[in-house]
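Engineer: In order, the protein sequences belong to chains A and B.
Residue 172 in the numbering used here sits at position 186 of the first sequence, and the numbers go up by one each step.
Residue 594 in the numbering used here sits at position 134 of the second sequence, and the numbers go up by one each step.
These are calculated hints, taken from the structure and not from any lab test.
Think of the CB as a built atom: it goes at the ideal place given N, C-alpha and C, for glycine as much as any other residue.
A portion of the hints provided could be inaccurate.
[Stated by the list, open to error] Chain A is nowhere near these chain B residues, computed Cβ spacing over 10 Å in every case:
(1) E463
(2) F468
(3) H474
(4) R481
(5) A490
(6) P494
(7) E499
(8) A505
(9) S509
(10) A515
(11) L526
(12) D527
(13) T606
[Unchecked claim] The following label-pair restraints were derived from C-beta to C-beta distances:
(14) B:G491 to A:E136: 53 to 61 Å
(15) A:A284 to B:G596: 55 to 63 Å
(16) A:N143 to B:C549: 19 to 27 Å
(17) B:G471 to A:T216: 28 to 36 Å
(18) B:A528 to A:S148: 17 to 25 Å
(19) A:N144 to B:I602: 47 to 55 Å
(20) A:T289 to B:G471: 31 to 39 Å
(21) A:K273 to B:Y478: 52 to 60 Å
(22) B:G471 to A:R83: 36 to 44 Å
(23) A:Q145 to B:R522: 34 to 42 Å
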Amino acid sequence: LKSDDLQSAEALSVRIEQLESELKARDELLRAVIMGHPDAVVISDLKGQLTSNPEVERIFGQQGGSLEPGDWATELFKPDMQTPYPLEQMPLMRALRGEECKDLAMYYRPKGSRRGVWITVSARPLRDAQGEVTGAVSVFRDVTERKSLEDDLASRNNQLASSEREKTELIERLRAAVEELSTPVLELWDDVLALPVVGVVDSHRSAEMTERLLAETERSQARFVIVDLTGVEIVDTATADRLLKLVTSVELLGARCFVTGIQPAVAQTIVELGLEFGQLKALRNLKHALKLSMALAARDEDTL
Amino acid sequence: LSEWTLEFRCGEVHERFYIAREARRFAARAGLGPRACSELGVGVAELVSNVARHAAGDGFVRLRLLDAPEPCIELVVHDAGPGIADFECALRDGFSRGRQRLAHEQPKNSESLGLGLGAVARLMDEIAHVSDSGPGTTIRAIKRLTGVRQRGSR
């Protein structure tokens, strides 16, 4: 019996030795993992005793391992870079209370230093087999570089957006300037207005043109309006339609409307378009139209 | 050869003027007379208007100088719109958005004249609706170079 007891005691101590060396190996592995981890790892027990890896020293400076939480809490700020991070809200503190937190952004600026470090912090409680909190582990990651890249990107985006806005504004201004220039209504003679159209007649421009011409016709009480198309190179159905409407609305104001200066190629295509141009009084050129207008005006005055 | 191909994306109705201008310059380089250039330009403008109007502005225009079967400029306008159900019918003047306007009826202000395709047919030498090109509408039109030179020399 005794020898049995002795044997089992020996076996037990061998077993314990085995387990101890296993535990030591694991401990060393864990230590190696923590020490070699690229992020700063801080482990705290319930008494606030800290264990940390070299990366903590790199981020938080020389103070290193035996750091009291109170010390660095005064150098950690919220993302506004102004408000000190309240000690009670520190991830490690929260983890010790059993909370978990992930990727909280913080700004770390050591006392007396002007440049700080951006970090993100995650923390979780450590529990024993019964689920009781025995400590906490907190992982800090230096994201200064990422943050500066992000800021750079954001500022570039802003620049791009503002230059885009400036361009759009410039285009709008130029467009307005061109509109000012491109739809002059000229008073050629008593009672005779002329609208020289140059370039293309899109819907926006034709609306502008019509409005101006009608306002001017109304204001000057002109009896003759000459729409000169010498500068128009292309007339498609939509353009022709708008020109016809322009002429019709001028005539509704009681003025006679002549169209002049239609280019030969434009004339040929207008015919092909298949539009009804019967109501249009076309004349060879501006000079001709002005002469006719003056003659008609004189005749009207004679008869009146 | 790329020198003799001209391609544009098109969507907005006002783009037709720019594209038509480029088309006319292209045609002039290819040897078309002023009138034919003008006709081609208007044809392009009409088709681009149609893309903007009927196809929510998603399409492209391609001009190519072809040698066979005869020297001509090929105009292809494609859009991703609903397509044209009856092309022959669409060629008729006054047909637009699926209805035939009666002779005495005036188009509403917002409405187009419905003359576009008919006009293109008159301005170009050939026009066809390419139906085997999948969804959307593809219109292919031809402006011949030979006949035009004779016309120009008259």
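Engineer: State for each hint whether it applies.
Structural biologist: Structure-based check of all given hints:
| no. | hint | verdict |
| --- | --- | --- |
| 1 | E463 | holds (24 Å) |
| 2 | F468 | holds (16 Å) |
| 3 | H474 | violated (4 Å) |
| 4 | R481 | violated (7 Å) |
| 5 | A490 | holds (16 Å) |
| 6 | P494 | violated (5 Å) |
| 7 | E499 | violated (6 Å) |
| 8 | A505 | violated (4 Å) |
| 9 | S509 | violated (6 Å) |
| 10 | A515 | holds (16 Å) |
| 11 | L526 | holds (23 Å) |
| 12 | D527 | holds (26 Å) |
| 13 | T606 | holds (19 Å) |
| 14 | B:G491 to A:E136: 53 to 61 Å | holds (58 Å) |
| 15 | A:A284 to B:G596: 55 to 63 Å | holds (60 Å) |
| 16 | A:N143 to B:C549: 19 to 27 Å | violated (51 Å) |
| 17 | B:G471 to A:T216: 28 to 36 Å | holds (31 Å) |
| 18 | B:A528 to A:S148: 17 to 25 Å | violated (53 Å) |
| 19 | A:N144 to B:I602: 47 to 55 Å | holds (51 Å) |
| 20 | A:T289 to B:G471: 31 to 39 Å | violated (55 Å) |
| 21 | A:K273 to B:Y478: 52 to 60 Å | violated (32 Å) |
| 22 | B:G471 to A:R83: 36 to 44 Å | violated (60 Å) |
| 23 | A:Q145 to B:R522: 34 to 42 Å | holds (37 Å) |
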